[in-house]
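K.L.:
Here are the chains, one letter per residue:
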Amino acid sequence: MSTASAANASTSAGPAGRHASGRALLEVRDLVVELPVEGSLRPVLHGLSLSIQPGEALGLVGESGSGKSMTARAIDRLLPPGARVRGTIRFDGRDVMGMEGPELRRFRTEVAMIFQDPRAHTNPVRRIGDFMTEALRTNEGVPLREAEHRAIQLLESVGIEDGPRRLRQYPHELSGGLLQRVMIATALLTRPRLLLADEPTTALDVTTQAEVMAILDELRREMGLAMLFITHDLELAAAVCDRTAVMYAGRVMEVRVSSLLHDDPLHPYTAALAAARPRIDATLPRLAAIPGRPLSAFEAPADACAFASRCPYVQEECGRRQPELVELDGGLTRCRRAVELRGTLGARRA
Amino acid sequence: MRLRFLLRRLAMLAGTLLVSSFVIFSALFLAPGNPIAVLSGGRSLPPDAVRILEARYHLNDPFLAQYWLWLKGALHGDLGISIALREDVSTLIASRIGTTAALVLYASLLILLIGIGLGLAAGLRPGLLDTSVLAVTAISAAIPSFVAAIVLILVFSVKVRWFPSLGNGQGVFGTIHHLTLPAVALAISSLAIVARVTRASVREEFRREHVQTAVSRGIPHRQVVMRHVLRNAAIPITTVSGITIASLIAVSAVVERAFSLNGLGAYLVAAATSKDFAVVQGISLVLVTAFVLVNVVVDVLYAVLDPRVDLGARAR
Amino acid sequence: MIARAEPGVHLGRRSGLGILRATGPAGIGSAIVISAATFLAIFGRLLAPHDPNLGQLAYAYVGPLGGHPLGFDGQGRDVLSRLLAGAGTSMLGPLAVVVISIAVGTLLAVSAAWRRGAYDAVVSSGLDVLFAFPGILLAILAATVFGAGLLAAVLALSVAYTPYVARVLRGAALRERAQQYVAALEVQGASAISICLRHLIPNMLPLIVAQATILFGYAMVDLAAISFLGLGVQPPNADWGVMISENQSGVVQGYPLPALVAGICIVLVVVAFNVLGERLYEQAQPERV
Ligand SMILES: Nc1ncnc2c1ncn2[C@@H]1O[C@H](COP(=O)(O)OP(=O)(O)OP(=O)(O)O)[C@@H](O)[C@H]1O
Ligand SMILES: [Mg+2]
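Chains as they are written, first to last, in my numbering: chain L, 1 to 350; chain A, 351 to 666; chain D, 667 to 955.
By construction, these hints were calculated from the structure, which means they are not laboratory data.
It is possible that some hints are incorrect.
[To be verified] Computed, partial: chain L to chain A, Cβ under 10 Å: (1) Thr88; (2) Arg90; (3) Thr109; (4) Ala112; (5) Phe115; (6) Met183; (7) Arg220; (8) Ser258; (9) Ser259; (10) Phe298.
Ideal placement from N, C-alpha and C gives every residue a C-beta, glycine not left out.
Bound conformation, chain L alone (with noise of 0.2 Å):
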């Protein structure tokens, strides 16, 4: 397998140097996960390699079903009952993997995970009280009052102004983007150091996705919180994070500056996303989809190219091989023609 020169270019690389003086906040690494399916075990996720620098914000984009909201529950150790992990995922240094017990909770706490639908991940028999300030009470032993007061402030800082009132009601009383807006003021009260938000604004309607999009990326960088954001869109990506990766098939295909993917991406999947995309400033003829079906990790072969079936770039030896994931260019990706075809892969050239 290439997954050990792929972790190396990886952790080695940095994120193009910017963070390079510490070291990362969570690295995963080679991360395998199988899930049962019908009896059997099924990859979702195929060597998934990532870091985070503390601080940082890195996107993660790709398809439905690419395993982006797996790759957040392995993170966080929230996977179904059932599935099978190897690789390794570092915390600060710590062991996730081997957490058990107190440890485990702990970890959790400081990291944060924002969920794509806050009305089902919000308790709908709860207060909104005693839903955001339990961690805080049971964890860190923090009086309600306190905690109520601490929700309240927060509360404020996520554009909410009658806290107290809201603390009395109850989930179904409150509309989805203010909902939302509890959820992220929630997952910053334990004051984490990793926030993992998982596609956050998907369920809210297009002017609340911008409102509740805004006061994320301002608190994070006010707190200087490190955020994995998972999304299918390349551009709000690129606009919120540092680096973004790019998943196909449960596997990372390229890392790299948000501001270089859209215009100078390294891998054609890449390219290809970023053309899919329809846009309000370019008038195309009609809009370019990829062609063929999106592959998940259990179907893509495991010794070739997972997105040869779909590129338009495709050779006899991409079939042949898996490629690893190399640096290039300040950035990582996984295509053996890489080399050959940078600079010629811009989204406005497709």
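Use these hints to put chains A and D with the ligands onto chain L, whose structure you have.
P.N.:
Using the frame of chain L, we list chains A and D with the ligands on its own:
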């Protein structure tokens, strides 16, 4: 808000009882033959008795007036006279209601303690216990009370002679002793159903996304189970337990017959067989009232447990 | 944005056999038990080796003998023959209850969901009142008014079960009514009845079948209970519930076999209907599993 909900629910209760009492009363007039013949169960009565019946039931008044007078009497505890036993129906009911109440209460306790207990254990611990609870409850859910009764009598009073097979018993311990087999027979299928629903609800709540949220925030497992899984599972568990317990009220007739208990249900069946109409009406009214009351309690509990219930709308 | 997979608009309808296969070994085993019971219900009387009503008092509570593998009941009648002959009424009664309550319940549910408004309110509150009457109590009332017998019991239970059927199906019908294809058909000028008969009800069919299956078990227990109380099937007609009540005294005297075998038959059939019904229910609403 809560008070309005309660008042609303009580008004619905009154409406339901009014309509069902009307149904029970008018059944008398659905029966073939004139009301006197129906009330006397076809016996020929001396003219005096006929006159007493006519006066009691106001048989010469218009139908609705008769109903109204009957209902008024019922509200004052006057349910007419049993032709067969020549006694006040309310006196007869009063002397028998204790047995039925004790039986249903005993069975309810078994259902709540054992049924929910088994369901929780199976729901929280997958594995051998879970599998065996599933298999045992699948079968016992299908055991009718009278089949359970003969098996229990066969095993516990014919073979090992631990419990009596018939009768009511004296004193608290005597009553418990005599009512144990009947209560088990009455409870067994409901107990299995409650256990299965409890197990399924616990499982379902465990899979909820908000439980994942709690876990992701480092809440200890015990607390996740108590505050999120069980707290939320309590809603369907309460509803199903309540509805099953309400259904025991009617089934108690079968168990009372099987164990020759001197309760309301057995009396109702005897009266139905001998066409003692006043008694059938009186007991039906009592049983329907109890049944509806338990259902109201379930509705109110549901509203208390689930804040999403729209307290202004009709409960469901 | 990357396109998400669209959920299928129209789920393909599966064949009955395909659905049954999907219920797993427990479901298939239950279906076999139910088929066997149905076979006995139809042909039991012909298969009975002896006259089920011929009593020879000299043989009262005599155990298994040659030609009489289950022995004799308290009146000296062949237990196996009564069991076989009783399968008919024991299965026919519940079948009638299920057919009536499902038919009426579906009609009420679909019409209420279609018309909504005042009609729906009237139907719903009418059903709410019926909820106040447990099936057995209604059957006792019916037996008092019309005299004991299977017909009164079947009608009473049908009335008592209808609100349960209607409540579940009304919810399903409302969901189905809100589907876009219904609006599309309406715009094309299809009549309400044709939409309901050709689309709405067929789409609800898995749920209706699951309901009917579960209801059959309940109806069998309740009808047998009513017969046990002496208010349903009248002796000397053979019926499993009647057999238990006739031979209860035998249990106390140490001759439990006649009552027990009848009880076992009831439990076996009811378990089969419950298990199959539960599986079919899971199939009918896959999102809830
Ligand atoms: N509980 C599960 N058991 C088995 N397979 C699962 C389970 N949950 C998800 N999967 C599979 O794992 C793969 C990755 O799923 P994941 O939810 O991580 O995708 P995603 O990239 O987050 O997609 P989306 O953009 O739709 O959220 C998918 O192919 C999915 O079918
Ligand atoms: Mg996802």
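K.L.:
Return the numbers of the hints above that this structure violates; sort them in rising order.
P.N.:
Failing hints, ascending: 1, 2, 7, 8, 9 and 10.
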